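Novice: Residue-level listing of the chains:
There are 2 protein chains.
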Amino acid sequence: MNDLTILFADRKKTGIGKCLYQQIYEYIRDEIRKGKLPIGEKLPSTRSLAEYLQVARSTVDAAYGQLVAEGYLEARPCRGYFVSPVEGLLAISPDVSDEKIPSDIVPGGKEEGTFPEYDFSPHAISLKDFPFATWKKITKNILVDANSEMFALGEPQGDYALRETIARYLHSSRGVNCRPEQVIVGAGNDYLFMLLEKILGRHVPIAMEEPTYKRAYRVFQSFAYEIQAIPMDESGMDVERLRETKARIAYVMPSHQYPTGVVMPIGRRMELLKWASEKEDRYIIEDDYDSEFRYRGKPIPALQAQDAGGRVIYMGTFSKSIAPAIRVGYMVLPLRLVRTYQESCGFYASTVSRIDQRILNEFIRDGYFERYLNKMRKIYRGRHDFLLGEMACFEKEFVISGENAGLHILLTSRSQIPEKDLIGAAAGAGVKLYGITEACMEQATQSHMPFAGTVLLGYGALEEQELKEGIGRIKKAWSAWL
Amino acid sequence: MNDLTILFADRKKTGIGKCLYQQIYEYIRDEIRKGKLPIGEKLPSTRSLAEYLQVARSTVDAAYGQLVAEGYLEARPCRGYFVSPVEGLLAISPDVSDEKIPSDIVPGGKEEGTFPEYDFSPHAISLKDFPFATWKKITKNILVDANSEMFALGEPQGDYALRETIARYLHSSRGVNCRPEQVIVGAGNDYLFMLLEKILGRHVPIAMEEPTYKRAYRVFQSFAYEIQAIPMDESGMDVERLRETKARIAYVMPSHQYPTGVVMPIGRRMELLKWASEKEDRYIIEDDYDSEFRYRGKPIPALQAQDAGGRVIYMGTFSKSIAPAIRVGYMVLPLRLVRTYQESCGFYASTVSRIDQRILNEFIRDGYFERYLNKMRKIYRGRHDFLLGEMACFEKEFVISGENAGLHILLTSRSQIPEKDLIGAAAGAGVKLYGITEACMEQATQSHMPFAGTVLLGYGALEEQELKEGIGRIKKAWSAWL
Chain C
541 MNDLTILFAD
551 RKKTGIGKCL
561 YQQIYEYIRD
571 EIRKGKLPIG
581 EKLPSTRSLA
591 EYLQVARSTV
601 DAAYGQLVAE
611 GYLEARPCRG
621 YFVSPVEGLL
631 AISPDVSDEK
641 IPSDIVPGGK
651 EEGTFPEYDF
661 SPHAISLKDF
671 PFATWKKITK
681 NILVDANSEM
691 FALGEPQGDY
701 ALRETIARYL
711 HSSRGVNCRP
721 EQVIVGAGND
731 YLFMLLEKIL
741 GRHVPIAMEE
751 PTYKRAYRVF
761 QSFAYEIQAI
771 PMDESGMDVE
781 RLRETKARIA
791 YVMPSHQYPT
801 GVVMPIGRRM
811 ELLKWASEKE
821 DRYIIEDDYD
831 SEFRYRGKPI
841 PALQAQDAGG
851 RVIYMGTFSK
861 SIAPAIRVGY
871 MVLPLRLVRT
881 YQESCGFYAS
891 TVSRIDQRIL
901 NEFIRDGYFE
911 RYLNKMRKIY
921 RGRHDFLLGE
931 MACFEKEFVI
941 SGENAGLHIL
951 LTSRSQIPEK
961 DLIGAAAGAG
971 VKLYGITEAC
981 MEQATQSHMP
991 FAGTVLLGYG
1001 ALEEQELKEG
1011 IGRIKKAWSA
1021 WL
Chain L
541 MNDLTILFAD
551 RKKTGIGKCL
561 YQQIYEYIRD
571 EIRKGKLPIG
581 EKLPSTRSLA
591 EYLQVARSTV
601 DAAYGQLVAE
611 GYLEARPCRG
621 YFVSPVEGLL
631 AISPDVSDEK
641 IPSDIVPGGK
651 EEGTFPEYDF
661 SPHAISLKDF
671 PFATWKKITK
681 NILVDANSEM
691 FALGEPQGDY
701 ALRETIARYL
711 HSSRGVNCRP
721 EQVIVGAGND
731 YLFMLLEKIL
741 GRHVPIAMEE
751 PTYKRAYRVF
761 QSFAYEIQAI
771 PMDESGMDVE
781 RLRETKARIA
791 YVMPSHQYPT
801 GVVMPIGRRM
811 ELLKWASEKE
821 DRYIIEDDYD
831 SEFRYRGKPI
841 PALQAQDAGG
851 RVIYMGTFSK
861 SIAPAIRVGY
871 MVLPLRLVRT
881 YQESCGFYAS
891 TVSRIDQRIL
901 NEFIRDGYFE
911 RYLNKMRKIY
921 RGRHDFLLGE
931 MACFEKEFVI
941 SGENAGLHIL
951 LTSRSQIPEK
961 DLIGAAAGAG
971 VKLYGITEAC
981 MEQATQSHMP
991 FAGTVLLGYG
1001 ALEEQELKEG
1011 IGRIKKAWSA
1021 WL
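Chains as they are written, first to last, in my numbering: chain C, 541 to 1022; chain L, 541 to 1022.
Please note that the accuracy of each hint is not assured.
A pair holds if it fits inside one copy or across any two, identical chains being indistinguishable in the list.
[As the list claims (entries may be wrong)] List time: in silico DMTMM-like cross-link candidates among lysine to aspartate or glutamate, alpha-carbon distance up to 20 Å:
(1) Lys-738 x Glu-766
(2) Lys-936 x Asp-961
(3) Lys-582 x Glu-704
Hints were generated in silico from the structure; no laboratory data involved. Owing to the predicted nature of the structure, the values given are computational and were not obtained by experimental measurement.
Work out the full structure: start from the sequences and follow the hints.
Specialist: Have a look at this one:
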C-alpha cells in the first residue's frame, strides 16, 4: 500500500475540483500508464484507501470498479485488487530496474480473457472432494516428528520408502512389474521428460499418436526431437505407419488415449511391443495419465505389464489423481535405462522435498489414496453417466465416443459441421468447448482425419446441475443442426 | 462353446475363493494367452456360459466386457464374442518380472562406508538451529486456510507473490535489480540449470573457474557443454585467459568463489561485464550460492547489481540458507532471456508445490528468514572465529585463506606437502578433510596451480567442541610437518 499512498500524498495537497471518484480513477489509471504502479502490484484495500483519503468507501469502490471495467485492474476474490498486465503499456519500476518490461513478457503466465460460464475443459479436475483434512493431519503429524534429517537432502531418485509404495501401488492397480530401483520420482512430468531427454539422448526421432497430448508434444518439440505424427485408428497408433518412420521412441497412451479415448486392444499392444523389440534402442513411453478413472469393468492393465523385453518406460502422475499442486510424478524405467540414468544424470538432486514425499507416502500407504480414488471414481462415474444421458439428444447428428473412462467425452458431427462452428455457437451461449484440432500436430491433415468436426466435453470439474445447464445451452445454440 | 466348457470343467471343480467375475476373466484371458483358445474362436454366449457355470449372467457379461476392453475378445453385433487376433501373445511374460537387479544398480544412492568422527565437509550446514517450530506453525496456518485453489497448479515461473518477495529480498540484501517477471522459481539448482540449457542452447562453450563447484561442472558436462577451465588468480577468473577461448557463457561465483573463497574485486567485475557486453550472445552466470554468510564488513553486492547491459543470470538457493530439503532455488534472468525462456520452455509446469511456495513466501515476508539468517550468521561467525583461533598453530607451515565468508577455510602447504598425504594422515586420526583437487576440472594442471597442497576445512556442521577436538587430532597427525 505504501507506494500508492506516497503517490497520493502530493495529490491530497493539490486536490482539485473534480469529483472525487473521477480524481481517484484518473490518478490510478495514469500511474499505471506511466508504469509507476507495476503489473501485478496489489492496491490498497478500498477500505484503507478510503480511510487514508478520508472519502467514502463507496467512492473508492466506484473508482476501482471503473478501473476493473476498463481492464487496468483485476479483482481477485478474497485477495484484493491488482494491476493487470496491459499490452503496450510501459511498465517501469521507479526504484528498481529501469529497463522496460517488454509488453510481450507475460508477468504471470495465466491467460487473461473473459471466463465462460460453463467450461467443459477436458483437463480440469474436481478438487472440492479432496480430503484436505486428512492431508493436513498427515502433514501435521509428520512435522511433529520432523527432525533435522527430514530437512536434509534426500536421494536423487526419490526416497526409497515412497518408491516402494509407488511400485506396490502400480503392481496392484496397474499390473506394472517393477522394483523400487526402477522408479524415479520427480516434480511433475515436464521435469521427468527433461530427465528422459538426458537418458534417451538428443535429436531422437519420436513417434506420437495424431491427435495427441499437446503438452507432451510441445515438450518434445522444445527438445528439438524429430516428431513423427502417426495416425490413430480405432485401435490406437497404426504400427504399420510407425514402421515406415525411423522413429526410435513411440509415445503412446494405451489405457485411454488423449484425446480420442481409444483403449489400445491387446493385439495392437503386442504389435507395438514387437516393433520395439526389433531394434536395440527402441523404446515405448507409456503415459498412463488418467488410468485411475475407468467406469466400466476392471482397469485395463498397463502396457508395461506385458513388456517382457524391457522396452516400456512407464509414466504416471499424482497431479490428476490427487491434485495438480502436488508436484509429484514418477516414471518406471527398464533396468538397462536405470543404468543409463545413473550414469548420465543420476546425480541431479531430487526435485521433490522430503517432507512432501513423506506426506505422499503415508497418504498412499495408509489407504487414503485408494479411498479417495474410489470416491472420485464414483463421483466422476456419476457425472459421466449423467452427461451421457443429457447428451442423448445429440445422437442423431453426432457420434459419441471416448466414454467409460477418463474425464471427457467426444462428439463427432456426422455431417461434418466444422469444429469451429460448433465451438463458436456454444461460446455465444457462454459455454466453452474444446476442439480436437487443439490436440493435432499437423494442421494440414486435419480435414482428412477421422475426427474432423469433433469437440471434447470434459466433465471433471462440473457438477450435475452445471452439466445439465451447459448441455441445455449447447442444445439451444446448436438447434439449427439438431 | 464346447472347448470352453470343457476347459471350465476342471475349473468348476477346483474353484477357488476369487470373485467369480475375476475367475472367469482370468481364466479366459489365460487360455487365450496360452493359445488354447485360438484366434477367431467363437465363445459361448453369455447366457449359456452363465447357465453352465451357474452364475449370474451379469457376471459373465462383466468378464466378457473386460476382455473386449482389453482387446482379447471382440464383440460382433448379433453374432457373439470371438477371440481377437493378437500378435506375439505367447511371448507374454509371467506376472512378476524375475529379472534380477544387476549389482551395479545402486538401490538407494547413498554411499556406504565408515563414517569419520569429525567430518569437515565444506558442504555441510547446521540444521539444528532451524526454526522448525515456526516452519510448522506457518505450514499449519496455511493448511488451515488451504482451499482447493491452493491445490491447483500454479504459474510456471512460480507464484507471483513469492517472486515479488524474492525480488524484494534480493534487492535489499544483494543489490540485485529485478522485477518479479524476471524471477524463475524451481526445484533446486540442477533443475534451473536444465532450464538454462533450454534457454541458452546446446553445445554452448562455457567457461568455468578452475577450481570450481564440481556439481555445476558435472551438470554442464552432462549437457555436453564445451567446458573451458579458466585459471583463477587472486581476483577470480582471469578475463584475459577467458578472451582466448570461444566461451559464450562464463560461470562465476564472484561473492565467495568455491572453493578458493576469493571475492572478485570491482575492477575484475567490470572487466568481466565488459567481456560479456562485447558480443551479442555472451552471458555471465553468477552463482551466489552462500552469499548470505559474510562475517566481516558489509555484504558484497551481487555482480548483477552492476550489470547495466542485461548480461548476468543471477542464481541463488534456499538449500544452503534454509535447508537442503527445501527444494527451492531461483534465478533472475535478463529481460531478453525472459522472452527466450517464455518461448522455449515457459510452459513447463512449475516444479515447486504451491503449498511450499506459500510457506516459503510467508517465512521470508514475515521476517523469519532474516531473523534466522542473522542467527546463523552469528553461529557461523562464532565457529569461523573459533576455528581460525585453533588453526593458529598451522600458520608456520600453511597459508590460511578463504576466511571471512562462507562455510569453509583453506589451508595451503607452504612446502607443497601433497594434498593426499595431508588428507591421509588426518583420516588415520578419524578426521575427514577435503582436497582442493576434488574441485578441479583438469587433473593434468593440478601440480601447476597455485592451490597445490591445499585442503578445505568446512565448519558449517561442527560445534566448537568438535572443531577443537578435530583440529587437535589433525595437529597430532601432522606433527611431523608442523
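Novice: Run every hint past the structure and note whether it holds.
Specialist: Hints, one by one, checked against the model:
Taking identical chains as interchangeable, the C-alpha atoms of Lys-738 and Glu-766 lie at most 20 Å apart whether they share a chain (16 Å) or sit on different chains (16 Å). Taking the shortest alpha-carbon separations for Lys-936 and Asp-961, only the intra-copy value of 18 Å comes in at or below 20 Å, while the best inter-copy value is 86 Å. Within a single copy, Lys-582 and Glu-704 get their C-alpha atoms only as close as 45 Å, which misses the 20 Å cut-off; across copies the closest is 11 Å, which meets it.
Hint compliance for this structure: every hint is met.
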